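**Student:** Sequence:
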Amino acid sequence: MGSMYKDEKDDWVTVCLKYLLFVFNFLFWMGGGVVMGVGIWTLIDKGDYLSLLASSTFAVSAYILILAGALVMVTGFLGCCAVIREQRSLLSTYFSCLLLIFLIELIAGVLAYVYYQKLSDELKQHLSKTMTANYAQPGKEGITQAVDRLQQDFKCCGSNNSFDWQQSVYIMSLELEKRLVPDSCCKTMTPHCGRRDHPSNIYKVEGGCITKLEHFLADHLLIIGAVGIGVACLQICGMVFTCCLHRQIKLDPY
Numbered sequence: 043m044g045s046m047y048k049d050e051k052d053d054w055v056t057v058c059l060k061y062l063l064f065v066f067n068f069l070f071w072m073g074g075g076v077v078m079g080v081g082i083w084t085l086i087d088k089g090d091y092l093s094l095l096a097s098s099t100f101a102v103s104a105y106i107l108i109l110a111g112a113l114v115m116v117t118g119f120l121g122c123c124a125v126i127r128e129q130r131s132l133l134s135t136y137f138s139c140l141l142l143i144f145l146i147e148l149i150a151g152v153l154a155y156v157y158y159q160k161l162s163d164e165l166k167q168h169l170s171k172t173m174t175a176n177y178a179q180p181g182k183e184g185i186t187q188a189v190d191r192l193q194q195d196f197k198c199c200g201s202n203n204s205f206d207w208q209q210s211v212y213i214m215s216l217e218l219e220k221r222l223v224p225d226s227c228c229k230t231m232t233p234h235c236g237r238r239d240h241p242s243n244i245y246k247v248e249g250g251c252i253t254k255l256e257h258f259l260a261d262h263l264l265i266i267g268a269v270g271i272g273v274a275c276l277q278i279c280g281m282v283f284t285c286c287l288h289r290q291i292k293l294d295p296y
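Numbering (the numbering used here) for the sequence shown: 43 to 296.
Heads up, some of the hints might be wrong.
DSS-like cross-link-like pairs, simulated, lysine-lysine; straight-line CA separation at most 27 Å [said to hold, decoys possible]:
(1) 171 with 254
(2) 246 with 229
(3) 166 with 254
(4) 171 with 246
(5) 197 with 166
(6) 197 with 246
(7) 246 with 182
(8) 182 with 254
(9) 182 with 166
(10) 182 with 160
(11) 182 with 220
(12) 197 with 160
(13) 160 with 171
Simulated restraints, written as ranges between beta carbons of each label pair [as the list claims (entries may be wrong)]:
(14) 209 with 138: 53 to 59 Å
(15) 163 with 102: 15 to 21 Å
(16) 168 with 279: 39 to 45 Å
(17) 149 with 237: 47 to 53 Å
(18) 264 with 142: 53 to 59 Å
(19) 102 with 271: 14 to 20 Å
(20) 126 with 168: 50 to 56 Å
(21) 112 with 61: 23 to 29 Å
(22) 230 with 68: 48 to 54 Å
(23) 205 with 75: 45 to 51 Å
(24) 191 with 116: 32 to 38 Å
(25) 76 with 120: 14 to 20 Å
(26) 211 with 241: 21 to 27 Å
(27) 264 with 168: 29 to 35 Å
It should be emphasised that the hints constitute simulated quantities derived from the structure, not laboratory data.
Predicted model only: the values in this text are computed from it and were never measured.
Cβ coordinates follow ideal geometry from the N, Cα and C atoms, glycine included.
Please put together the full structure from these sequences, using the hints given.
**Tutor:** In structure tokens, the structure reads:
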């Protein structure tokens, strides 16, 4: 009688664990889509700005998120198969995949945190030099496009202020056509509008583009970190459920 009761109790626990893992895998699969979406959004929405950064840490963090998101979605399907077939070997593989993805997201989170700490210094040291030395220069079309979009999107002019452009290679060249700032500094961008640098014509923003870009990248890094932490916590729950179900299944049919 006691043995029969114990078996029924074990069966009930196994069924509960299976349902919990099914629910987890559904949430996990959705989380993978969110993780991958955040990574793609980071690269596509403001991907032009990556050429203005000294290091590739920001881009690497986004690519890691995309990889982790894709693995999460595949692993979610594997988890459903493991639960349905109740194979300990398949559950072990599923657990290993969860652990791998957890480590990948941990790396992305660490990179995002480290880059967040040094973001301000990097922009102050690098952005001004990049804008003044490379804007509108041969072979630097990507940087030129990125600077123009940066100034238009964030309504700013120059790395710190509009006077930074006076020291630029572009303004000191013969092709400037009497411009004081690039046309992308203008509130209403028209050909040769950069000949007049009055506040009514160009953006006179305190802190310039450095401050605006720093805030934008910092917000993105926080989103990357928050999404990574959220999915990582979900994975810990999944690994616990998987271990419990693995112990409940006594025999592997294969």
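**Student:** Any of the earlier hints contradicted here, and which numbers?
**Tutor:** 18, 27
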